[in-house]
Amino acid sequence: MTELSNTWFAERMGDHGIHSSYLEDHHPAHMPCLEIRRLDWAHAAEEAKRQAMRLVAIWAVEIVEEDASKQLYTYMALAHKEHRHVLLRTPIHHENPEILSISKHFISACRMERHIQDMFGIQVRNILDARLWIKHEHWPEDAHPLLYDFDGKTPMLSDPNRADIDYEYVPCDSECVYEIPVGPVHAGIIEPGHFRFLAVGEKILNMEERLGYVHKGIEKRMQGRTADEGLKLAGRISGDSTVGHSWAFAQACEYAANITLPKRASYLRGILCERERIANHIGDIGAICNDAGFAFMHMQCARLREDMARLHAEIYHHRLLMDNITLGGVAHDLSVEMREKLIQQTRDIAAEIEHLRAIYADTPSIQERVIGAGIVTTDEAKDIGLLGYVGRASGHSPDERIEEAYAPYDDLDVAIPKGKLGDVSTRMWVRFEEIANASRMVIQCLETLPEGDIQTPWNLPETGVSGFASIESWRGEIVTWVHFGENGIIECYSVRDPSAINWLGLELAVRTVPVPDFPLVNKSFNCSYAGHDL
Amino acid sequence: MLRIMRQIIKVGTITEPLPTADGFEQLGAQLKGKIKQRFQGSLAIRFVDAGSCNGCELEVHAANNAYYDIERFGVSFTPSPRFADMLLVTGPVSINMKTALEMTYEAMPAPKLVLALGDCAANCGVFGQDNYAIAGSVADIIPVDAVVHGCPPTPTAIIQGILQVMDSHHHAG
Ligand code: SF4
Chain A
1 MTELSNTWFA ERMGDHGIHS SYLEDHHPAH MPCLEIRRLD WAHAAEEAKR QAMRLVAIWA
61 VEIVEEDASK QLYTYMALAH KEHRHVLLRT PIHHENPEIL SISKHFISAC RMERHIQDMF
121 GIQVRNILDA RLWIKHEHWP EDAHPLLYDF DGKTPMLSDP NRADIDYEYV PCDSECVYEI
181 PVGPVHAGII EPGHFRFLAV GEKILNMEER LGYVHKGIEK RMQGRTADEG LKLAGRISGD
241 STVGHSWAFA QACEYAANIT LPKRASYLRG ILCERERIAN HIGDIGAICN DAGFAFMHMQ
301 CARLREDMAR LHAEIYHHRL LMDNITLGGV AHDLSVEMRE KLIQQTRDIA AEIEHLRAIY
361 ADTPSIQERV IGAGIVTTDE AKDIGLLGYV GRASGHSPDE RIEEAYAPYD DLDVAIPKGK
421 LGDVSTRMWV RFEEIANASR MVIQCLETLP EGDIQTPWNL PETGVSGFAS IESWRGEIVT
481 WVHFGENGII ECYSVRDPSA INWLGLELAV RTVPVPDFPL VNKSFNCSYA GHDL
Chain B
1 MLRIMRQIIK VGTITEPLPT ADGFEQLGAQ LKGKIKQRFQ GSLAIRFVDA GSCNGCELEV
61 HAANNAYYDI ERFGVSFTPS PRFADMLLVT GPVSINMKTA LEMTYEAMPA PKLVLALGDC
121 AANCGVFGQD NYAIAGSVAD IIPVDAVVHG CPPTPTAIIQ GILQVMDSHH HAG
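Same order as they appear, the protein sequences are chains A and B. Per our numbering, the first sequence starts with residue 1, numbered consecutively. Per our numbering, the second sequence starts with residue 1, numbered consecutively.
Misleading hints may appear alongside valid ones.
[What the hints assert, rightly or not] Okay, derived cross-link-like pairs now, EDC-like style, lysine to aspartate or glutamate, Cα gap no bigger than 16 Å in a straight line: (1) Lys341/A with Glu447/A; (2) Lys112/B with Glu102/B; (3) Lys104/A with Asp399/A; (4) Lys418/A with Asp399/A; (5) Lys10/B with Asp348/A; (6) Lys153/A with Glu102/B; (7) Lys81/A with Asp399/A; (8) Lys10/B with Asp399/A; (9) Lys32/B with Asp167/B.
For the record, the hints were derived by calculation from the structure and aren't laboratory data.
Isolated chain A (complex conformation):
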């Protein structure tokens, strides 16, 4: 790949006196990484905001340099609709580890900055909310697991002195307001997290999320692994997005190693990813209806989802499509007969969903529940940078399949639904539309599947290189950054699931919603706890 580097944002920063230098060991060149001075950090974010860029992620790493010294850096990834992604990084002093917060410019940075504080002990100055986040109160105070010298192999013991310290939820002194704590163990078959409601009568005044319960140390766990081992782990960051996460991880490694996929392999990945999208939307549509008492849809959708899982087991050897993406390709090729089966089923399911959609649209009892429920306005959605179907339902629709246009989407007719009202009903509408669009793309891929290999041989990335990738999973954009040390061993790693941003949208959506409607609104977002907590 001898692409020219993308210098657009470096020039914009230059206009404002922010000097940056291009880092050649960061791939790919069209998503450049620029090093800036620490004192320009917040200023650069401000400029990005002015350029109508969105914040993709902010994270920190500790890298062992060639001379064996350790260096802390913070990274910020930004995206512009046309000029695509740019990464900024700045070195952090070891003796006085601190950085200025950018949460004033990008509100979604706040929780990621809290993650940096928890994991590295870097102090983020002027942060809008300085409370602990992933680091729960019972952790030893000096535990910062992502520091290089932290022992990541021994289970941490709770600090008895800190066990009683409670998280300070947003208080309310008014006598008419009551508090409802929910979780971490929820009533249904769902993931754990805590919600703190402040309610007046039936209405929610404020809802606060407290997450981190399923934190499994994934970022630390990646360190010291081969890319192959890492890929298996990436496929288990959030089980329902196994294709999306594996693809993002593999793509970041492939960029780092400078290898490109055979065309056939990228088509096969597209089929996997779009089938994952269809299966999850179908499951969610059923579950959303079920939360509003319309069990009929739930039974029908669960049946269709099961049909998909069974065909996946037959063709891809896994009901949820885990471990189907390899470094440089895919695990399974499709015979003509399998292609026929997939085309047939995709077509049948799309038709059945259209039929169910008509029934759903004609049923007043469900329509009354979803219309106008749990609204996120366009301004709010843009402010937070909401992703995927949640963003699309609120008039904010970044889509990497169009903007980054990675293979195979450069060959496909990608259409995305653009909603505006931002209520449960619009999120449902977006999901129905996405099933139709994804089905069309699956069939297009299957019918025009190029001949050739399904695998480019993997070669080890050079020491010290990094790869960054952005993939449009069913929930929205997943970004992964991987940095390699010697012998192709992963030295540092960061991932941002769309849920890390979309969870914020839920807090806004449920204000003034009746408490009993919370499950319905929550389901329409269906953020991943596992993907957020890592």
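We have chain A already, so just place chain B with the ligand on it with the hints.
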């Protein structure tokens, strides 16, 4: 309404007879019998995700779909541990979920049956026991009656696992 009825009739009953291979049918009948005998026909399960990737949850949901229809054996999922006969736990136990899992277990009445579901619940899976954020496998935290492997286990394996707990002599009587 008519359309809903038509769709229901068109799809018909899709619930499958129990697979006959590996003596499953007998086990199914046994389970129903056991549930009848020990729990008056109804086994209430409380589900806890102690740190899973959510893949296991998808398959627990699938065990409830019309094909498998786990309810036909008398199995139901309850929102409270207070009414639960069995705890179904997925995931390695994260340090941030350890207390919640212990409290849920404490809140259950006897016989406190526990099924550890999936490779993670069994032995921490890809996340590993040598991990600062993982307190251990489910059996390291609370007593476990049966373990189902798989990443994730299939709905059939889940149903088999529940049978296995019912069969365990750990809480006999
Ligand atoms: S066993 Fe597999 S599917 Fe289940 S929680 Fe663990 S990684 Fe996820």
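Here's how the hints hold up against the structure:
Between Lys341/A and Glu447/A, the direct Cα distance comes to roughly 12 Å. Compliance with the 16 Å bound is thereby established for this hinted pair. A distance of roughly 12 Å separates the Cα atoms of Lys112/B and Glu102/B; the hinted pair therefore holds under the 16 Å criterion. For the proposed pair Lys104/A and Asp399/A, the alpha carbon gap of about 25 Å is over 16 Å, so the pair is violated. For the hint linking Lys418/A to Asp399/A, the alpha-carbon distance of about 11 Å falls within 16 Å, and the restraint holds.
Using a Cα cut-off of 16 Å, the hinted pair Lys10/B and Asp348/A holds, with the two alpha carbons roughly 15 Å apart. Distance check on the hinted pair: Lys153/A and Glu102/B sit about 23 Å apart at the alpha-carbon level, beyond 16 Å; violated. Between Lys81/A and Asp399/A, the direct Cα distance comes to roughly 9 Å. Compliance with the 16 Å bound is thereby established for this hinted pair. Of the supplied pair hints, the one linking Lys10/B and Asp399/A is violated, its CA atoms being roughly 38 Å apart against a limit of 16 Å.
Between Lys32/B and Asp167/B the alpha-carbon distance is near 12 Å, which keeps this suggested pair within the 16 Å criterion.
The structure is inconsistent with the numbered hints 3, 6 and 8, although it conforms to all the rest.
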